[in-house]
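A.B. asks: What follows is the residue order along each chain.
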Amino acid sequence: MNTSIASAPETQPALVGPERSGPLGRFWHLPSVVVARFTLRSYLRSGWGWGEFVFVVVFFLVFWTYPGTEDYFFSTGSFGLGILALLGTAIMVHRAMSARVYLPLARLTSRAACTRGLALASGVLRVPLYLLLLVLALASHKIIAPQPAHILVGSLGLLANSILVSTLIVALSPPIATRLIRICFLFWLVIALTPLPNVDWLAILLSVIRLPLLPVALCIGLGTSPNLSLASFWPLAVVALLIVGLALLADFLLKRRDLILH
Amino acid sequence: MLEEPALPGQGDAAIECLGLTKVYEGRIAALNDLTLTVPRGVAFGLLGENGAGKSTLVRLLLGFLFPTSGLVRVLGEENVARAHPRIGYVHERPLFEPRFTGRQYLAFFAELSGCWGVANRARVQMALEQVGLRAVADRKVGGYSKGMLQRLAIAQALLADPELLILDEVTSGIDAGSQWEMRRMMADLRRQGKTILLCSHYMAEVESLCESVGILRRGRLVLSGDVAHLLRLHDAVEITLAGERPASDVAAALKLGGQIIEARENVLRIPAAAQQEILAALVAAHIPIHSLNPLTQTLEEVYVRATRADEAAAEPALS
Chain A
1 MNTSIASAPE TQPALVGPER SGPLGRFWHL PSVVVARFTL RSYLRSGWGW GEFVFVVVFF
61 LVFWTYPGTE DYFFSTGSFG LGILALLGTA IMVHRAMSAR VYLPLARLTS RAACTRGLAL
121 ASGVLRVPLY LLLLVLALAS HKIIAPQPAH ILVGSLGLLA NSILVSTLIV ALSPPIATRL
181 IRICFLFWLV IALTPLPNVD WLAILLSVIR LPLLPVALCI GLGTSPNLSL ASFWPLAVVA
241 LLIVGLALLA DFLLKRRDLI LH
Chain B
1 MLEEPALPGQ GDAAIECLGL TKVYEGRIAA LNDLTLTVPR GVAFGLLGEN GAGKSTLVRL
61 LLGFLFPTSG LVRVLGEENV ARAHPRIGYV HERPLFEPRF TGRQYLAFFA ELSGCWGVAN
121 RARVQMALEQ VGLRAVADRK VGGYSKGMLQ RLAIAQALLA DPELLILDEV TSGIDAGSQW
181 EMRRMMADLR RQGKTILLCS HYMAEVESLC ESVGILRRGR LVLSGDVAHL LRLHDAVEIT
241 LAGERPASDV AAALKLGGQI IEARENVLRI PAAAQQEILA ALVAAHIPIH SLNPLTQTLE
301 EVYVRATRAD EAAAEPALS
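Protein chains in written order, with our numbering: chain A, 1 to 262; chain B, 1 to 319.
Take the hints with a grain of salt, since some may be wrong.
[Claimed, not checked] According to the in silico footprint, chain B covers these stretches of chain A (three or more CB under 8 angstroms from chain B): (1) 23-37; (2) 177-185; (3) 202-216; (4) 227-234.
[To be verified] Cβ-Cβ distance ranges computed for the label pairs, FRET-style: (5) A:L44 / B:E311: 35 to 41 angstroms; (6) B:D138 / A:L44: 16 to 22 angstroms; (7) B:A204 / A:V58: 25 to 31 angstroms; (8) A:P175 / B:T296: 20 to 26 angstroms; (9) B:A204 / A:L189: 57 to 63 angstroms; (10) B:R264 / A:T178: 25 to 31 angstroms; (11) A:R45 / B:A312: 21 to 27 angstroms; (12) A:W28 / B:A204: 44 to 50 angstroms.
Source of the hints: derived by calculation from the structure; they are not laboratory data. Glycine is no exception: its CB is placed at the ideal position from the N, C-alpha and C atoms.
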């Protein structure tokens with residue numbers, strides 16, 4: 001079995017553009033970035049993208065009837081934007097990974113450009129959605145005594161979690177992951193979210209199983225940590241590593257799949 | 001396989017498949033031990049009924065699927081993805097986002113090929129002119145007719161000036177005028193020396209555009225070779241007998257059974273290659289001949305003959 005579409009690394013094809021373009025220009029025209037830009041434009045033009053912005057406004061109107069603390073903002077915001085990242089990314093990937101993807105894939109030397117482009121598009125979309133929620137909350141004074149430093153750090157934590165969810169959905173979506181992988185993931189999630197039992201050894205086992213959720217939980221509380229130091233940012237670094245790991249996992253999974261798309 | 005005449009220039013092949021087998025989950029063998037070579041610069045037609053394995057073969061050639069066993073080499077690359085920048089692919093259905101204009105779509109594909117800035121705009125304009133879509137380039141793709149969509153698909157395939165074009169049923173479902181236009185474009189590309197793999201249900205289209213042809217049936221290549229050679233191979237002669245005696249009786253009396261294609265009423269249809277021998281036998285037996293007409297076969301007849309022969313060969317095995 002020697003045929004492989006994706007075993008080659010994502011390399012920039014021989015450029016036929018303005019010679020004076022710098023590193024930023026080259027980055028802008030990387031295949032994965034081109035795929036991400038096109039996916040985002042397509043998603044917005046289809047109306048689904050704007051639907052996500054409407055969701056944020058409705059979510060804000062429902063959950064911020066009265067002003068709340070920073071803690072409430074980040075915990076509720078994480079929940080809402082996490083759900084939105086899940087739904088929005090699932091729709092985006094479903095639209096993008098139809099038979100339409102055959103034509104771009106027939107041009108690319110690596111399937112990785114597709115998975116990375118999708119992860120990038122979905123991740124980038126989380127930023128304006130979060131900013132919309134933040135602007136709505138600040139403009140209508142729905143955060144009690146907001147501290148700029150807390151807001152800044154908390155925003156990083158919330159965004160990291162949202163991007164983690166969107167990258168996870170890209171990696172788990174068909175045709176990237178198999179049904180078995182999705183079932184295994186859901187099985188792990190159910191076990192990880194089970195309340196700790198009274199039996200000691202079982203509680204220890206469950207604590208180990210839910211370990212990957214620890215940095216996620218810490219990121220949610222990052223904005224309301226009383227004593228911020230450089231060491232407080234480790235959950236952000238771990239979540240960033242998880243995002244990169246999931247993107248690489250998506251590459252790995254897709255390059256081994258037979259693509260029978262409709 | 002009935003016949004497989006050697007294809008010219010096998011050392012310089014655009015497409016090589018060796019013992020290619022693809023078995024889908026559920027153990028459905030879509031391709032079975034397929035060996036095929038398409039030389040560079042040749043237009044190769046791939047014929048077959050629905051489910052014969054044409055789309056599977058195209059997907060294997062583009063690396064969308066992985067072979068269960070066997071080897072695929074496209075433009076000299078076993079890792080076919082490396083050949084992608086040199087391949088232009090047109091899918092059987094126009095797969096475009098309706099909310100983009102034709103120009104925006106082509107710009108995206110050109111950018112994926114590493115062409116951007118001024119060069120991107122120039123390349124897109126050139127492709128639009130090549131397929132005659134310049135006037136509607138800034139209209140949304142959703143408003144295009146199916147013929148225009150197929151021309152747009154050809155334009156995206158031509159953007160990177162590919163060496164190999166894989167055209168999967170590009171004229172299916174479009175009106176006769178658009179079909180004619182598409183065939184004219186394909187003929188132009190052929191004249192430019194591009195290697196073309198054309199999957200089609202239209203025999204006349206393949207016969208007029210392609211030098212070589214392969215006929216797939218149930219995942220096996222039942223016939224392949226040079227179109228002109230295959231047509232000649234099956235050339236026939238129709239002999240109309242002058243007497244009252246039925247042609248089948250004459251064939252039986254002269255023991256011509258093995259050489260006769262068909263004996264009906266007073267007409268004997270024989271292979272052109274056996275003409276002299278049979279005529280000699282008829283003359284020797286004093287059987288009067290009314291007329292003799294050479295019959296040139298069409299690719300459609302070659303196709304039907306090949307698939308029926310394969311079917312007949314498969315039946316005893318199945319029973």
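A.B. asks: State for each hint whether it applies.
C.D. replies: Right, here's what the structure says about each hint:
1. Given as covered by chain B, the region 23-37 of chain A passes the check, having 4 residues with a CB less than 8 angstroms from a CB of that chain where 3 are the minimum.
2. Counting residues of the region 177-185 of chain A whose CB lies closer than 8 angstroms to any CB of chain B gives 0, so the stated coverage by that chain is violated, three being the minimum.
3. Counting residues of the region 202-216 of chain A whose CB lies closer than 8 angstroms to any CB of chain B gives 0, which falls below the minimum of 3, so the coverage claim is violated.
4. With 0 residues having a beta carbon nearer than 8 angstroms to a beta carbon of chain B, the region 227-234 of chain A misses the requirement of three or more and the stated coverage is violated.
5. For L44 of chain A and E311 of chain B, the hinted distance range of 35 to 41 angstroms is not satisfied, since their beta carbons lie about 53 angstroms from each other.
6. Distance hint check for D138 of chain B and L44 of chain A: the Cβ-Cβ separation is about 19 angstroms, which falls inside the suggested range of 16 to 22 angstroms.
7. Distance hint check: the CB atoms of A204 of chain B and V58 of chain A are about 59 angstroms apart, inconsistent with the given range 25 to 31 angstroms.
8. In this structure the hint that P175 of chain A and T296 of chain B lie 20 to 26 angstroms apart at CB is violated, the actual value being about 48 angstroms.
9. Range check, A204 of chain B to L189 of chain A: about 58 angstroms between beta-carbon atoms, so the 57 to 63 angstroms window is met.
10. At roughly 58 angstroms, the beta-carbon separation of R264 of chain B and T178 of chain A lies outside the given 25 to 31 angstroms, and the hint is violated.
11. Between R45 of chain A and A312 of chain B the C-beta distance comes to about 54 angstroms, which lies outside the given range of 21 to 27 angstroms.
12. Separated by about 47 angstroms at the C-beta atoms, W28 of chain A and A204 of chain B satisfy the suggested range of 44 to 50 angstroms.
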